[in-house]
Each structure stands twice: as structure tokens, then as C-alpha cells.
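Q: Residues per chain, in single letters:
Protein chains: 2
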Amino acid sequence: MTQRRDLLAVAALAGAMAVPAMAASHALPELNWRLATSVPPTIEFYEGAVTFAEEVERMTDGKFKIRVFAGGELVPAFGVFDAVSDGTVEMGHTASYYYFGKNEAYALDTTVPFGMNYRQFQAWWNYGNGKTLIQDLFAKANIVPFPAGNTGVQMGGWFNKEVKSVADLDGLKMRIGGMGGKIIQKLGVVPQSVPGADIYPSLEKGTIDAAEWIGPHDDMKLGFNQVASYYYTPGWWEAGPNLSVYINKEKFDALPVEYQAIVEAAATRANVDMMSSYDAKNPVALKKLISTGTKLRAFPRDVLEAAYAAAQETYAELRESNPDFKLIYDDMVKFQKDQNLWAGVAEGRQDAFMQSISR
Amino acid sequence: MTQRRDLLAVAALAGAMAVPAMAASHALPELNWRLATSVPPTIEFYEGAVTFAEEVERMTDGKFKIRVFAGGELVPAFGVFDAVSDGTVEMGHTASYYYFGKNEAYALDTTVPFGMNYRQFQAWWNYGNGKTLIQDLFAKANIVPFPAGNTGVQMGGWFNKEVKSVADLDGLKMRIGGMGGKIIQKLGVVPQSVPGADIYPSLEKGTIDAAEWIGPHDDMKLGFNQVASYYYTPGWWEAGPNLSVYINKEKFDALPVEYQAIVEAAATRANVDMMSSYDAKNPVALKKLISTGTKLRAFPRDVLEAAYAAAQETYAELRESNPDFKLIYDDMVKFQKDQNLWAGVAEGRQDAFMQSISR
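Protein chains in written order, with the UniProt record's numbering: chain A, 1 to 359; chain B, 1 to 359.
Treat each hint with caution, since some may be false.
In silico SDA-like cross-links for lysine to any residue, where the CA-CA straight-line distance does not exceed 20 Å [as the list claims (entries may be wrong)]:
1. K63(B) with D61(A)
2. K140(B) with F78(B)
3. K221(A) with K131(A)
4. K205(A) with K182(A)
5. K251(A) with Q135(A)
6. K251(B) with K161(A)
7. K281(B) with V333(A)
8. K281(A) with K131(B)
9. K337(A) with I290(B)
10. K161(A) with K131(A)
11. K173(B) with Q226(B)
12. K337(B) with K334(A)
13. K334(A) with K288(B)
14. K131(A) with E54(B)
15. K287(B) with K334(B)
16. K281(B) with K131(B)
17. K281(A) with L341(B)
18. K205(B) with K182(B)
19. K281(A) with K334(B)
20. K334(B) with S358(A)
21. K334(B) with S277(A)
22. K182(A) with K326(A)
23. K295(B) with V284(B)
24. K287(A) with K334(B)
25. K131(A) with S277(B)
Covered stretches of chain B (chain A as the covering partner; in silico rule of three or more C-beta atoms under 8 Å from a C-beta of chain A) [what the hints assert, rightly or not]:
26. 147-156
27. 280-293
Because the hints were derived from the structure by calculation, they are not lab data.
Each residue gets a CB set at the ideal place from its N, CA and C atoms; glycine is no exception.
Whole structure, please, built from the sequences with the hints as guidance.
A: Take a look at the structure:
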């Protein structure tokens with residue numbers, strides 16, 4: 001609206017000549033922006049960034065172009081936060097929990113162990129305080145984040161022997177990072193930091209006993225089923241991780257209002273698209289894994305309970321030490337409690353029946 | 001910065017008495033379209049249409065305006081399909097299963113008893129054959145549909161006595177319509193057609209014994225808890241009904257490509273928004289209902305199994321009599337089977353644990 005007034009003023013000053021009001025008011029800038037991601041194009045996450053860029057381009061008929069760069073191509077894979085914050089790139093697509101070391105509260109934009117699932121996170125974002133709390137936090141770093149992708153609940157990973165109780169975890173060397181690693185350590189696991197490409201040989205050589213990655217579709221691509229027999233569920237540390245689009249805040253604020261709305265809508269499109277993609281691809285991969293000998297197992301109840309208790313300890317510590325974490329975590333947990341109550345009533349009952357009758 | 005450059009360019013070109021090439025290529029039409037819905041503004045569904053219209057307006061900075069009309073205001077509540085088809089209005093927001101009488105296959109754009117849940121429907125639409133099959137079917141009626149709202153799994157409704165087995169349904173007069181009504185009839189229920197506003201007095205007077213509506217939030221608004229004690233779950237006949245935006249196909253095809261993409265994205269925004277709204281509001285209402293005496297009950301397994309068997313009979317008949325139904329239903333069921341398999345592995349396990357530990 002301010003923009004339109006400016007254009008008219010410019011036109012008037014330019015000699016009150018015949019710039020048609022309509023055409024002038026519709027002139028939107030041609031933009032060429034760069035978006036840095038944290039992953040190689042072979043990982044499904046990358047598609048979220050591509051979908052986002054394509055949607056923006058489609059909604060502007062190519063006037064707003066966004067070029068997507070793989071992790072490390074333009075800035076380091078885990079340098080996306082800084083690059084967007086300082087304006088090295090206009091945009092990023094990443095997982096905020098990678099930046100846990102800067103501020104633990106950033107993880108709450110992705111997921112934390114025993115956190116919300118995909119649908120619950122959307123509800124918190126759209127109708128709880130999620131959007132306001134998260135965007136206020138990131139505004140301090142000059143970043144505007146929007147949800148733009150989700151994997152759903154991930155798998156608990158690949159194990160070379162069965163886990164029948166918490167005792168079986170003692171001394172187990174497992175590739176697991178982030179908060180999941182910190183928490184599972186309290187159960188006796190020795191967390192290992194192993195890049196994606198090195199997981200297969202590490203499992204094969206036996207330098208690690210277990211490894212978590214994503215879910216059936218991505219895991220099968222890396223061939224983990226060939227070097228470990230047991231596939232555990234659920235990945236309680238990744239209960240619906242949200243991938244985010246980051247936009248440099250100054251640059252976002254300077255966009256015409258149409259482009260601001262289009263960027264947000266494109267993020268929503270990418271968000272739904274990635275979830276649908278995983279939902280469509282995971283069962284196909286899972287069936288193939290099972291038919292070729294993978295043994296599907298559920299973590300025993302005592303493992304989940306011990307992990308849940310360990311997670312609560314960690315959250316209690318973080319609530320003490322980090323006021324940002326306390327503010328956002330407390331709001332999330334309150335919202336989540338209601339969500340879990342309701343999820344078990346209609347959705348959960350129907351799902352359970354459908355799962356039992358489909359077999 | 002690009003914006004400022006444009007402004008200077010506009011000024012320069014305007015001085016040269018020319019319509020700037022860029023501004024001209026960007027001239028998008030100002031549109032004022034009408035959208036007919038099937039419901040009054042008091043029902044949450046209506047918000048889906050409002051969100052959709054607002055998003056289109058936001059993404060075009062008010063150039064593409066859509067005025068939303070309540071059910072019956074412009075065309076009859078269940079006349080939305082015909083009105084969009086023949087171009088009386090440019091757009092509609094409705095549930096395709098209302099038009100089951102024209103072609104049973106239309107119901108597959110909404111939901112059928114024991115059909116897919118919200119997430120599964122999105123996966124089928126985006127990465128299965130859902131979008132192609134449904135849009136091809138509706139193209140024959142000159143309509144382009146997009147998903148634009150969902151209630152999630154609904155509740156099984158209000159009963160004035162407990163349902164402990166299928167036998168308890170015999171002779172029960174229940175307000176239930178559509179395919180759910182046809183199927184539950186095979187279990188002994190006598191389906192009644194009662195408009196929303198008449199459900200309360202009918203339950204109160206005892207002219208009906210039971211009634212289904214939507215879920216806790218909408219049901220509480222109509223006060224059903226005051227006239228029936230038992231609230232049953234799940235609403236197996238409404239396992240994630242999808243509301244649709246309809247656009248007259250000729251008018252959609254004539255839109256600039258930007259507007260076509262914006263319409264689709266606005267529908268996605270409305271779709272996510274309505275699901276989030278219900279997810280945020282339903283548990284609040286459910287807690288209030290329970291704390292004021294409503295007795296929450298789950299349909300016994302034999303009721304669900306008998307209903308499932310009755311539904312399969314109905315689908316077998318429809319597959320025989322309606323080739324459109326057969327084509328789309330068979331594809332959906334195949335996709336759904338895989339979805340149910342996967343949903344039970346990671347998502348379902350995690351949800352069940354979270355529900356048990358949150359109590």
C-alpha cells in the first residue's frame with residue numbers, strides 16, 4: 001500500500017504522464033535470491049528447499065527466482081543460520097536443532113525428544129503460541145523462519161542385536177547425535193558422531209553397534225539393512241522434526257506484501273509436500289526391507305520410559321539455565337498435553353482399528 | 001534494493017511517455033469473484049472458505065478479491081456444485097460427498113466410511129494418484145477441486161444409552177446421513193435425517209436416540225451434552241473428511257498462471273489452517289465436556305467390525321455399478337493399505353506412548 005503510493009508519487013513527479021494506474025500499481029520487482037541448504041541433493045530434505053523455490057517461482061511466474069544450493073556449496077552445511085543472519089545469502093533451508101549449540105531453544109523449532117508430531121506442531125504454530133514465540137526468538141538473530149518440511153516420526157535405527165530391555169543398551173556404541181544422543185547416554189549408550197556416508201562402513205566393520213538415520217526410504221538408500229539385522233521403532237528423539245525456511249529479516253521486511261505472503265504460502269506447500277512424499281515412500285521401502293530379511297522390532301516399554309525420564313531431567317536443567325528455552329518449552333508442553341489427550345480419542349482409535357483390520 | 005531500482009526505472013520510463021515494459025508484463029487483472037459455501041458462518045467449516053479468500057487476497061495485495069457467501073445466501077446450500085459447474089458463481093467451498101446422489105465417486109474427494117485420515121489423504125493427493133483421478137473426474141463437470149479444509153477423524157456421536165455390542169444398535173433411531181447412514185442401517189440402526197439446528201430438540205424430546213455431528217468443539221456449541229450422556233468414538237464414517245474449494249474450470253483455465261498457482265497455494269493454506277484450528281480447539285472442548293459429566297465411550301470392537309464388513313458390501317456393490325467409483329476407490333484402497341501399515345510402525349507407536357505417558 002505504501003508501495004503503491006510511492007509509485008503514484010514517482011509517476012506524478014515524472015511529469016504526470018500516462019503510467020496506467022493499474023500497471024504501475026502491479027509492478028512487482030524481479031528478484032534473484034540464493035537459498036543455502038544443509039544437505040546434499042541425495043537426501044530427501046533437499047527436495048523441501050526445491051519445492052519451496054519452485055512454488056515461489058510459480059506464484060510469481062518466474063519474477064521471484066530462488067536458486068537452491070546444496071550443503072557446503074555456498075556456505076558450510078551448518079553455516080546456514082549465520083549466513084542468513086548476516087545476509088550472506090537471502091534464504092536458507094535447514095533444521096534449527098543443528099544450532100542447538102548457539103541456543104538450546106532453537107531446537108524447539110525442529111523437535112525435541114518426545115516432542116510434538118507433525119500435525120501437533122502445525123496446530124501449535126497456527127493456533128497456539130508457536131509461531132509468535134519461535135519468530136520472536138529468531139528475530140533477535142535477524143531471521144524469519146517458516147515451517148517448510150517434515151519427516152514425520154522417524155525410526156529408532158539399526159541394531160546388530162536385539163534390545164530386550166534397558167540393560168541391553170549398556171555400553172552400546174550408537175551413531176546418534178543432538179539431544180537424542182545426550183539423553184540416550186543416560187541409559188548407558190555411548191553416542192558416536194558419524195557422518196551419513198560413514199555409517200555403512202562403521203556398522204559393517206563393527207566399530208559401531210547401532211545407528212539411527214531417518215526412516216525406511218532414506219535408510220534403505222544407504223543400505224543399512226545389509227549391515228544390521230534389527231530395525232527399531234519409534235525414533236522417540238525425532239517425533240516429527242520440522243525443517244525450516246529461513247529468510248534474512250531485513251530482506252523479508254523489505255519485500256512487497258504480496259511476496260511476503262507468497263513466501264509463507266510456498267513454505268506451507270513445501271511443508272505438506274515433504275510430509276506427503278515421506279508418507280508415500282516410506283511404506284514401499286519398509287515392505288521391501290521386511291521382505292528381504294530386516295527384522296522389525298519395537299523398543300521395549302522400559303526403554304521408552306527410561307528415555308522419557310532422562311529427557312525430563314534434561315528439560316529441567318535447560319529450563320533452569322536458559323530462559324528462552326523455559327518460555328517456549330513450557331508453552332509447547334502445555335499445548336502438547338492437550339493434543340495427546342485428543343489424539344488418543346478419535347484419531348488414535350480410528351487409526352488403531354484401521355491398522356488392525358488392514359493386516 | 002531491487003525495488004528502489006524499479007521505482008527509478010518507472011520514473012524514467014514514465015518521463016519518456018512509455019508504459020514500462022516490465023510494469024506491463026507484470027500487469028495482473030483486478031478480479032472480484034464470488035464463492036458460495038454450503039454452511040452458515042457459525043460452523044467452523046465456513047472459516048476454511050474465509051481463510052482461502054484471505055490468502056488469495058494477501059498474495060495479490062487485494063487485486064484478486066473473493067467474496068464468501070454463506071450456505072443458501074446466493075445459491076442453495078447443496079447447490080454449490082451446480083452453481084460452480086455452470087458458472088453462476090466462480091468458486092465454491094463445500095464437501096463433495098454432498099453430491100453423492102449425482103455420482104457416488106464424488107464422495108471419494110471427501111471421505112468414505114473407513115477411508116483415509118487427513119495425512120493419508122494429502123499423501124494420496126500429492127504423491128499417489130489422488131489429485132489426477134479426482135481432478136479428471138471433476139473436469140467432466142467443469143470443476144477444478146483442491147483440498148481446502150479437514151476436520152480430522154470426527155466423533156461417533158451422542159447416545160442416550162450405552163452401546164455395549166451390535167445388539168444394542170437394533171432399532172436405534174440415529175441422526176446420521178450419507179454413506180455412514182446407509183452402512184449403519186445394516187447393523188439395525190434406523191437413520192434419521194435431521195438438520196443441525198433440530199438435533200438438540202429431537203434428542204431432548206426423545207424422537208431420536210442418538211445423533212452424530214462433528215467433534216467436541218462444534219458439538220458443544222450446539223449443546224448436545226445437555227441432552228445426551230454418552231459420547232462415542234470414533235466416527236468411523238468420517239475418518240478425516242476433506243473440504244474442497246471448487247473453481248469453475250473455464251474460469252480457472254483463463255486465469256494468469258500466477259493466479260492459478262496462488263489459488264492452489266491458498267487452498268493448501270486453508271487446508272492446514274482448518275486442521276490446526278480443530279486440533280487446537282477440540283481438546284479444550286473435550287476436557288470441558290468430560291468435566292461437566294459427559295461419559296466418553298469407545299464403540300466396542302464388534303460394532304466396528306460389523307460396520308467394516310457392511311461397508312465392504314456397499315463398496316462391492318458400488319464397484320459393480322459405477323466405473324468411476326471402481327477406478328478411484330481401488331486406487332485409494334491400495335494406497336491406504338500401505339499407509340496403514342506404515343502409520344502403525346513409527347507414528348502410531350510414538351503416539352500411543354505419548355498418550356499413555358501424558359495422562
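Q: Which hints from the list above does the structure break, by number from lowest to highest?
A: When the structure is compared with the hints, numbers 3, 4, 6, 10, 12, 15, 16 and 18 turn out to be violated.
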